[in-house]
Each structure stands twice: as C-alpha cells, then as structure tokens.
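In the order they appear, the protein sequences are chains U, Z, A and F. Counting from 1 along the first sequence, just add 19 to a position and that's the residue number in the numbering used here. Counting from 1 along the second sequence, just add 19 to a position and that's the residue number in the numbering used here. Counting from 1 along the third sequence, just add 19 to a position and that's the residue number in the numbering used here. Counting from 1 along the fourth sequence, just add 19 to a position and that's the residue number in the numbering used here.
Keep in mind that the hints are not guaranteed to be accurate.
A pair holds if it fits inside one copy or across any two, identical chains being indistinguishable in the list.
In silico lysine-lysine, DSBU-like type, Cα no more than 35 Å apart, as pairs [what the hints assert, rightly or not]: (1) K129 to K229; (2) K245 to K129; (3) K187 to K339; (4) K35 to K243; (5) K23 to K229; (6) K189 to K129; (7) K229 to K339; (8) K226 to K21; (9) K23 to K189; (10) K339 to K189; (11) K129 to K243; (12) K41 to K187; (13) K229 to K21.
In short, the hints are calculated from the structure, not lab data.
Chain by chain, the residues run as shown.
Number of protein chains: 4
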Amino acid sequence: MKQKTMTSLIFVAPGKIELTQKPIPSPGPTDALIRITTTTICGTDVHILKGEYPVRPGLTIGHEPVGTIEELGSAVTGYQVGQRVIAGAITPCGQCHSCFEGHHSQCGGKPMGGWRFGNTIDGAQAEFLLVPNAMANLALVPDQLSDEEVLMCPDIISTGFSGAESAKIKIGDMVAIFAQGPIGLCATAGAKLSGASLIIAVDSIEKRLKIAREFGADVTINFKEKDPVSTIMELTHGRGVDVAIEALGTENTFQSCMRVLKPGGTLSSLGVYSNDIHVPVSAFYAGLGDQKIITTLCPGGKERMRRLMDVISHKRVTLKPLVTHRFKLDDIVEAYDLFANQRDGVLKVAITP
Amino acid sequence: MKQKTMTSLIFVAPGKIELTQKPIPSPGPTDALIRITTTTICGTDVHILKGEYPVRPGLTIGHEPVGTIEELGSAVTGYQVGQRVIAGAITPCGQCHSCFEGHHSQCGGKPMGGWRFGNTIDGAQAEFLLVPNAMANLALVPDQLSDEEVLMCPDIISTGFSGAESAKIKIGDMVAIFAQGPIGLCATAGAKLSGASLIIAVDSIEKRLKIAREFGADVTINFKEKDPVSTIMELTHGRGVDVAIEALGTENTFQSCMRVLKPGGTLSSLGVYSNDIHVPVSAFYAGLGDQKIITTLCPGGKERMRRLMDVISHKRVTLKPLVTHRFKLDDIVEAYDLFANQRDGVLKVAITP
Amino acid sequence: MKQKTMTSLIFVAPGKIELTQKPIPSPGPTDALIRITTTTICGTDVHILKGEYPVRPGLTIGHEPVGTIEELGSAVTGYQVGQRVIAGAITPCGQCHSCFEGHHSQCGGKPMGGWRFGNTIDGAQAEFLLVPNAMANLALVPDQLSDEEVLMCPDIISTGFSGAESAKIKIGDMVAIFAQGPIGLCATAGAKLSGASLIIAVDSIEKRLKIAREFGADVTINFKEKDPVSTIMELTHGRGVDVAIEALGTENTFQSCMRVLKPGGTLSSLGVYSNDIHVPVSAFYAGLGDQKIITTLCPGGKERMRRLMDVISHKRVTLKPLVTHRFKLDDIVEAYDLFANQRDGVLKVAITP
Amino acid sequence: MKQKTMTSLIFVAPGKIELTQKPIPSPGPTDALIRITTTTICGTDVHILKGEYPVRPGLTIGHEPVGTIEELGSAVTGYQVGQRVIAGAITPCGQCHSCFEGHHSQCGGKPMGGWRFGNTIDGAQAEFLLVPNAMANLALVPDQLSDEEVLMCPDIISTGFSGAESAKIKIGDMVAIFAQGPIGLCATAGAKLSGASLIIAVDSIEKRLKIAREFGADVTINFKEKDPVSTIMELTHGRGVDVAIEALGTENTFQSCMRVLKPGGTLSSLGVYSNDIHVPVSAFYAGLGDQKIITTLCPGGKERMRRLMDVISHKRVTLKPLVTHRFKLDDIVEAYDLFANQRDGVLKVAITP
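So that you can see chain U by itself, here it is in the shape it has in the complex (with noise of 0.2 Å):
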C-alpha cells in the first residue's frame, strides 16, 4: 500500500518544534513532489523556534532539500520521476513582475516573497516536500556529487557567495568578513573565489576561524582577543577594506563593518537582523563618503544551483568541513538542541529520514 502520511518537524508555539504525521501532498500543475533523502538545519529555523521569526503554528520548518523527483505536475516538463534534485532555499516563480526585475528573491513584490520552505508553506525537514513552480526550481544533482556535498548550496553557499557577489569583488579587493558561522565561512570562500588578495575573517571560535584560514582568509582575528576595528584598520595601512561583509545580524557588526570600510566602500549585508540599527554618523562619514549599503537574500532558482554545484564538481571550493554532525530525521529535535546551543563544535547537521 501506498504510503499516505509523512513525518514532519512542525512549529507549535516559540520554544517548542514536534515531529509528527501529515498527508503527503499532491503535486499541483506546476508543482513537484521530492522524496528528501537529506536536508539540514539554519540558524533561521533557530530563530523561527524561539519565535524570533513568525511563522504559523503547524509550518513544517526547513528550507534546504536534497532529494528524488517522486511525483511531478500535470504541466512540468523536462524533469523525470527519480531524478536527483535539490531546490534553493528561495523558490522563485520567475514570472512575476519583481522576478524580471531580476529581483526573484522578492518574488510576488513582496518582501522575501521568494522565502517560501518553511515560512510561507510546508518546508525541507520531512519526508516529502511540495516544490512550487518545479520547473524553475529543481537542479539535477550531477552523478559525482553526494548529497552532503550539495546540501550547502541551496541556501548557505548561495547567500555566502552572494555577499561577496553583491558586493562586485574586484581581482586585488580587501575584504573583511564579521562572523564565520557557515554563512561567514562561504562568504569567505566566495571572496577568495572573487579575486581578493586580502581577505580578513573575524569570529571569537578558534575552530571557525581555522576553517575560516581554509576556505581564504589570509589573516583571522578573534575578537575577544583583538579589537578587529582598529586591527583592521592597520592591517590595510589606514586605509580601510574596500568590502565588509556583514554575516551575523547584529548592530555591532553592522557599525563595525562600516568603521573598517574606506571611503568608497561597500558593506554587503546578509545577516538576519532581530532589532533595529542604529548608524553612527561619524561611520557613515555625514552621508558623503560614496558608500553603498547593500542587503542580499540568498539567491534561488535552479541555473543559481547548477553554478554552484558547478563550482563544487570542479573543486573551487571543498565545504566539506561544514557538516560536522549526522542525524536521522527521527531525532531531529535532538539536532535541533546541539545546533541551537552550538555545542560540541557543530557547524552544520546533516539530516537523513
């Protein structure tokens, strides 16, 4: 018999995720079914647990799949039930008006209305996931790559990327990168990978900033023992970095990377920001010193997942190092607790139903 139920994470209240029983969904015309065989959890689903990010009671979470094609849409062509896919953690539709604009993860003009897995619908950490508009939306997974390998790039490696992307990086650029959480660590990566020939990664975890050294930092400062600021500032002779990447959320990282930033600069944003921010004049030089202030959300669609899984096929960068920690779908409540706490070294968990 067919099965008819899935086991999902849902959110019941803030502090409190369950597993349990849903229906399997049916495809619509444009959608497609995917069987997870691995997805992961990110630091926004830790915010979305503790209710610092609303969604609604019952969401099954997650936005990171890894899977098989089990079911597709009466209007989905070019894809065969089986096939290897993963979906990027925002779904654009790519017709809208913003998706032409080029601005797919604003999708539907509405603010991060292409965030969709585990905000606006059901998401990654079950059994099955619905994926919307599936044929601008699911990847093939080349043969060579495991899912672990892959597991990065629907959202972490897009949005680490995107901040050095975002920021235009030029061959010969210094960069500085606050925080090397995993986001952190692939903007670190997506520097060295833009031609930077200075980059500066700053976190207070001796084990990120290692892995921050192997992914391209030339030069790691932690911050309970240096103040990165004027640390910065010496490093690049008072000059400043011409790029600051801010990949934490926090009104102390945001003011730091615009105190390290030269005239002329760009602070690329990518964090997720609980509180306002306070911008101190002298940093933001009267409004005169030619800088840009730029946001990104993690870009999706599925050319954005072949690149990056290009990039990982052809060994640009190794982020292996990420996944410190394997879980069955079952205990996931129990990944949650590691990952949630940071304990025992965890970067990111994979998860396997």
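For this one, chain U is given, so just place chains Z, A and F on it according to the hints.
What follows is chains Z, A and F alone, placed relative to chain U:
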C-alpha cells in the same frame, strides 16, 4: 599697480563670517589662479557659518566658482589666460589611488578628500581663487552660456543629478525625491533625464513644489497636508518606488525613503547628515529585502563639468529659476542672512565681485 | 454557435503570404488565448515574406499583439477573461537557465529562443493568438491608453529603447543613431529618455528625419546630402560619439557606427543582419580601443511591457505619429504590399480584425 | 663624474633594432627619471621590430619597467629618490576627459593614447626611463617581492586579467581562452581568480598547455589534435561558454570565440589585430544573440599596479614560470632573436642593464 590683495569672505567663529582682505595667492606649478566673476552660497556654507560643519577660522569659504583664468602654474598646459572657466566644488587630483578607483570625491583616500574649496583650502567667495590640479579641474565655459546658466554646475546640478545616476535609474522606474531645495530639485530633473516614468517630489513649500513640477515631477506631495509615505504607497499601488532619493540629510526623510522603497529598491542619499540615523528593522526588512543604500558626494573634475554644461547648452534642463536673488560680493553677509533664513522665497543667490 | 475557426495570415513560400482559416487553438495549462483587437506588421515580417528569414510554410506570422483575454489555461492565475492585454514580441518562460541569467530573449538557451510568435509558433496576424507562459507574458493595458498607443510596445519601442539601454547611455553622452525607421526612431527617443545631451540621427528620408527631431534628435543628417561619418566627427569636434546605435542591419551602417565611435565608446546594434560583416582593423583600432559592441534582441515579458506602457501613460514619449496607415485584417496582404515597398510615407500600419 | 648617456635599444627600420647611446633625459616638473633594474620584451615589441606596428625611427622601445627612482620632477610629491618602483605599460595622465571617464588607456581621447612608452615616447629597454605624470604612475614595489616577481605587472598580468575583468566573469561561469602565450596564460589565471567554474584553454604548444593547467585551466585543447570549437561545444553540453577570451589577434581565433559563445555570452578580446576581421552572420546570430564583444587595452596607473602586486604578495597567482630566460641589456638584440622566433620554449625574458 597690480592688485595685491583681494576681498574674501572668511569663517571667523560659529555664527560669525566676515569680509576681509587677503593677499592674492600665487599658483604653484600645477595650480591656476581664477578671477571670480560669479559665485553662490550653498546650504553647506550655512552649516559652516553655524559651526555645524567645522572649518578652521580664517578660511575663505564657498565652493562654486565661475571666473576667468588669471594666471597658470608653470606645469599647466592646454589653457590660456583670460579663458572663462568653471571648476567643480570637488577638485580631484585624478592621480591618487582613490581617483584611479573612480572614487574622485574621496581623493587621497580621505573621506570627502576631494572637497577642498572652502573646506581645506581657501574657497570661492572671494575675488580670486586658487584651483589645485588645474588640468584636472578647469572646464571651459561655452560662449553661448552665461555665468548664471553654469553657476549651478559645480555643485547643485552635479550633486542633484548624481542622486539619479548613483541609483542607476532605468527607463520606466518610479522615483520619489524627499526635499525640493536646490539639490532635490536637481535630483528631480536628473530623474526625469534618466527616464523615470513616475516622479514624486515631496516638500512643504508650495513654491518649490511648483518648480519641481516644472523640473519633471509628475506628482508633488506637500508633507504638511498629506503623509508622504502612505501617499506614495497608494500612488504606486502598494508596490513602492524603485528609487527613493534623500535630499535633505535628516533621519526622518531617510526613514521615509526606506519606507516607500520596494523590495529590491535603491535609496540614493544626497543629504549631509548632522546626526546619527536610526534604521528601523521593519523598514530594513530584517536585512533581507535586497535593498541598496548609496551615498554620493558631488562628482567633480572637468569632464563632469563639460557634460553638465553640454546638458544645459542643449536645453535638456533649464535651471535659471533657481537663481532668485543677486548680490555684490561686498554684500555677501547680507546674502547669507537672506539665504540661511530662507526669506523671500530664496532658492539660490548669485554673488558677483 | 461558438466560432471555431479564425482568419490567419500565413507564410506560404518565399514571396507569398495568404489569409486562411485555422482552427482556434485551445490553451494548454500555462497558456492563454487572446482575441486580437489590433496588431501590426514588422520589418522582420517582410524578411519572412521575402524568404530572407526562414519559417515553416503554414505558420501564422506577426508578433505584436493587442487584444483581450478569451480563455485562460487551467494553471494560469491572476488574470480574468475579458481583460485587455498586450504581450511582447518575445515571450520568455522566465524559468529556464537563460531566463534566470537575465537573457530572456535567448530563452531555452537557443539563439533568439524567446522569439516564438510568428517564428516558431503561430503569430499575431490572426483573429486569435495563443500566448505561451501566460503568467510571464500578459500585461494589462491601462484603461486610459488606446490600442494604438500601446501597439508599439511589444516590439518597436522595446527594441528601440533597448538600443539606448544596452549601451548604458549616461547623462551628457553624445549619441548617433543610424537609420530612422520605426526602430531607429524609438532608439532616438530612448537616447533622449536616457539623458543624452547630443543626439544625431541619420537617414535619407526627410519625413523620417523630421519625426526624429520630434522624438529627440538635436541634429539630423540626410546621408544622401552629407557624409554622416565626417559630419558626426565635426559635430563632436573630432572626439567621436560615446554611443552609436545601428538600427538597420547592414555592413555599411555597422562600419559607419564604428567609425564615429570615440575610443572607449559603445556600438549598440539593433539591426537584423542578412549578411556577414567585415570589421576594418582601422575602425577597430587593432582591438585596442576599449570598444564595446553589444547586440540586443527586443526585451519581452510582462514587466517590460508594464514599464513601457507606464512611459506612455506619463507622456514621456508620444509615439502616435508612427502609425500612418490602418487596415482591416482581411486587407492585410495589401498592407504588406504598402509596407514592404515603403509607399506613401508609411511608417507603421495598424491592423484590426 | 656623473653618467651622461645611457644605453638604449632603438627601432631603426623594419627588421632592424640596435643598441645606441642617448643622453639621459631630465625630468620635467611632473615627470620622474627611473633607473631600470629589470625589463622585458613584449610580443608588441616584435610587431614593432617587424614594422607591423609603426613607430618613429630612433625611438627607444619597451614598455615594462622595474627600477629605482633616480630623479623627481619639481612638482612631484610623495616619492623619494631611491625607492623601487614599477610603472604600467600604459601611463595615463589621470586628468584628461578620457581618464575622468575611466578610459585611462585612451588617455587624451586618442586611440591607445595612454600607451606612451616605446610608442610615442622613449621606452624601457634602456638604462634610464622618463615616466610622465609620475604621481599617477609610479607604484612602490613591496620589499618582499623581487624584480622578476613584479616584472609581469606592467603589461602581461594587467592585460591578461583584464580579459576576465572586462567580461565580468561571474562565479560559476564557463570560460574558454584562445591562445596561451603569456597574455593568454594570465587571462587563464584571471578567469580562475574571477570564479569561473570551468576553464578551457586552447593552444598548440604542449608546454604552454601544461602551464595553463597550473594557472587554472580545467581542460586544455591542443588545436592541432582536436577541433576546439566542437570540443568546447561538447564540453559545455551544447550550451556554449559564458565568456570567450581572444588572446592572439587573428581572425581565426576571433571567429572561434564567436562560435563557442552561448547566446547572451561575451567575447573579450585582448589580441592586437593586424588585419580586418570577417564576422560570419551565423556566428553573430544575425545580430540578435544578445552578445557582447569587448576589447581592452592593458589597464595602467599606479592603483592598478598596486593591486596586481598585492595579488602576487598574497600568492593568489605564481607567475614565476613565465620568465624562462635572462639576458643583459647589452645582449638584448640576441634576446629579441630568441623571443621573436619562440625558440627554446621561451615565454618571457628578463633583461637587466
């Protein structure tokens, strides 16, 4: 006998400026000495007068020169004494690291480093003016243009247009401009020149809103009568504008710009801020709205001046309405009093020695 | 009884087109069926008629539709039967790799892949038209605009403006446009909208040059009376233009564009070339002139159409003079005869079923 | 007694160069005199020798200087005699209209106007070199870098990297580079630094293809063994490359670049062409393929040199393998003979006075 001293308006102390006599300077090898024929007063000069922007006592202020070449430095080629010229408010050297990166206004790698006149060296509210890096900065005025027709090029037009240019306004963009002083009016004209299809100008002075409509605004909003944020959201059918231009320098207008911006939109900031800015996390879409915030300091250099004068020669904009009052240099203190207090419908004053 | 067949203009063989009856098609899940209210003939259609651009015999030609929604595919949401719409000549899917890269006109990764109407699927010179990927392509026509006012949006305006846009015309640029047919005239209008300070239009038909001046040209050159290359070099004081737009598709105009380009300038090519092009090494500055040559195929998609109609709504351009003749669909063969032979001062014809 | 003359290599007539003595020049106010410590020979110098690129008889040739400051012009500040410096092959003034537009290589508005050394003024294959606009062009060499490590910065690296930069290579792009001489090899390194995920290098010399793989090529094609166009189309699964870089200057490689370009792709041309180019209409997709063709002349100026040396300091590229032979200046005619005839596996020679 050759004139040896010149009348100059100097900053004395906060709240106090005065006319004095200074020796006429001699040009160094790469300088030029200009005999001022027309100049004007800028809002920034009023900040200086009030002590809100600090300069050293005794400095001649003013940064908007029209004049004739009186004497050329020994290494200056390609110009002749007697030619009518302007120089931008910003006088980049063209040869430092920042200039080669295209950040001419941040010349020398220092914030606002390209702004020298009336800031770090003697300025234009005098009978004569020493122009540094003359070959980079002297722009010949076409015969058919009067002094008053080009008087706005050194700062007002260059700054105002740059609000549209830095935002990369495209054909069919919707644009809102907050504040319609001289800079804001020129930003409105710049938005029109850049192909914006809907231009919304905000101010509280009806006379300025009237000029805004002449300069290209489709809709004007008197913020004393209507809330600009909700009105703009209605006018754009809830979409928000592609570009919001801040042309005042206050937290309030900055925040309003953020609140009318579509996801993926650009805030182009021209104002000179005296205080810190509070960025509300809601208007910042938690850092996930693919927004850009770009600040611009008045582009300078002779090519910029040439282009702006060409725009005027070909009647793409008519900026004569901006000059509302005329004074002799000897009466400039009186002109400041009128201008600083915005009496008598003043927009810009022309000062002639 | 419901109408089952429709009048359609089909390509039969080189030199031969004819009106025929075809079954009215049924929309697939993502299509829409449009009842054509106004359409037109493009220069490209004449190439098809002459056999210079090959299409399969029996194909309905035409790619510039204005109409009303007759029927919507089962998966199409956000539209209602009876709404008045246009669709671009190019109908990108928005969901393929090329579309996600922003190359919508090369949809599917095939050269010109986005051009379907009257090229790879039945076109608009018929009573009804099937629009693929309806959600990506149907753009609602504002009530205040007539069919004729928006008739140029699907191709002529979109292509013409793109000549200016692809060249990234900046405020103060000098621009030359070679050929002032409908596309060239719209390129002239696009250059004006983009802030060019000097616009030079070249053609040999005085009536077209007159419209060019109305659309924004500062200077027009009748190439039968004056050599355009030397005249343009004089007009720019030997400097050359920042941007040269090719709007015909011949080697001669292409070479002329190269010869009037300043070092560092951009050649923006809109023409459809039937033959190879010889690039003289002298005009190419031996490959060392920092030149750009950019080709553009008519941008499509509903957001593009929305923007162009917004430009028209706000009277940034008045393109009514382009429609010089009107025909019934039943008389379209006659209209082709007039248009292909450029008789009677024809610019564009409006065709109504 | 102070040295008054210097050994210089001059162009005499097509096919003839010779060493001669010239007076050591005195710097004008904005010049600097450099004592050459290391220089090299460029492919362009061979064109000059052969008479394929005309210069005036008696001109000292060469444009790749490493040296120490011997004397500074009276108006030059910020440098000291004895400092070790390089200057780019292109020495822009930074102050003309073209420089302000960012077209530094077209300095003065003349094609290739920024290329002065060994073209319009005496060049670097001599004991001393006069550097014009010294403040714009002298770049200090970091102590830790040897002459040979920076010798490729003035031309080879700057040109090669610019092939990737002008094409705006993005993370995940597929790139083909035609010809792997010194410029092509640096273009390969530049593509790697820019994040290309698949880099395909084409040449016929196995030794060069081996270095290409060291510099970043994933795949190399020996065009004597395989047809590069069809091989590249296979490697990209029929898609074509995002960017094709021409690094030779022949019609054949130019056409091959066009034929491997995806619709929407960019041809970045670095070669110096001696002959006209025939552009096949098929490869040009009739002008409708949204293609870009971009030519670039070696970017110069001190900021460019600083950046390139920073890239080398931080070991982003190791270009030592390029210097295969070393000669004394007195033996430079012999070095030309070796280099021009590509004997003995020569890539680049280092010349020391």
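Verification of the hints:
{"no.": "1", "hint": "K129 to K229", "verdict": "between (39 Å within a copy, 34 Å between copies)"}
{"no.": "2", "hint": "K245 to K129", "verdict": "between (41 Å within a copy, 25 Å between copies)"}
{"no.": "3", "hint": "K187 to K339", "verdict": "both (26 Å within a copy, 29 Å between copies)"}
{"no.": "4", "hint": "K35 to K243", "verdict": "within (33 Å within a copy, 48 Å between copies)"}
{"no.": "5", "hint": "K23 to K229", "verdict": "neither (46 Å within a copy, 57 Å between copies)"}
{"no.": "6", "hint": "K189 to K129", "verdict": "both (31 Å within a copy, 21 Å between copies)"}
{"no.": "7", "hint": "K229 to K339", "verdict": "both (14 Å within a copy, 29 Å between copies)"}
{"no.": "8", "hint": "K226 to K21", "verdict": "neither (46 Å within a copy, 61 Å between copies)"}
{"no.": "9", "hint": "K23 to K189", "verdict": "neither (52 Å within a copy, 44 Å between copies)"}
{"no.": "10", "hint": "K339 to K189", "verdict": "both (27 Å within a copy, 23 Å between copies)"}
{"no.": "11", "hint": "K129 to K243", "verdict": "between (39 Å within a copy, 29 Å between copies)"}
{"no.": "12", "hint": "K41 to K187", "verdict": "neither (44 Å within a copy, 47 Å between copies)"}
{"no.": "13", "hint": "K229 to K21", "verdict": "neither (48 Å within a copy, 56 Å between copies)"}
Hints 5, 8, 9, 12 and 13, counting from the list given before, are not met by this structure.
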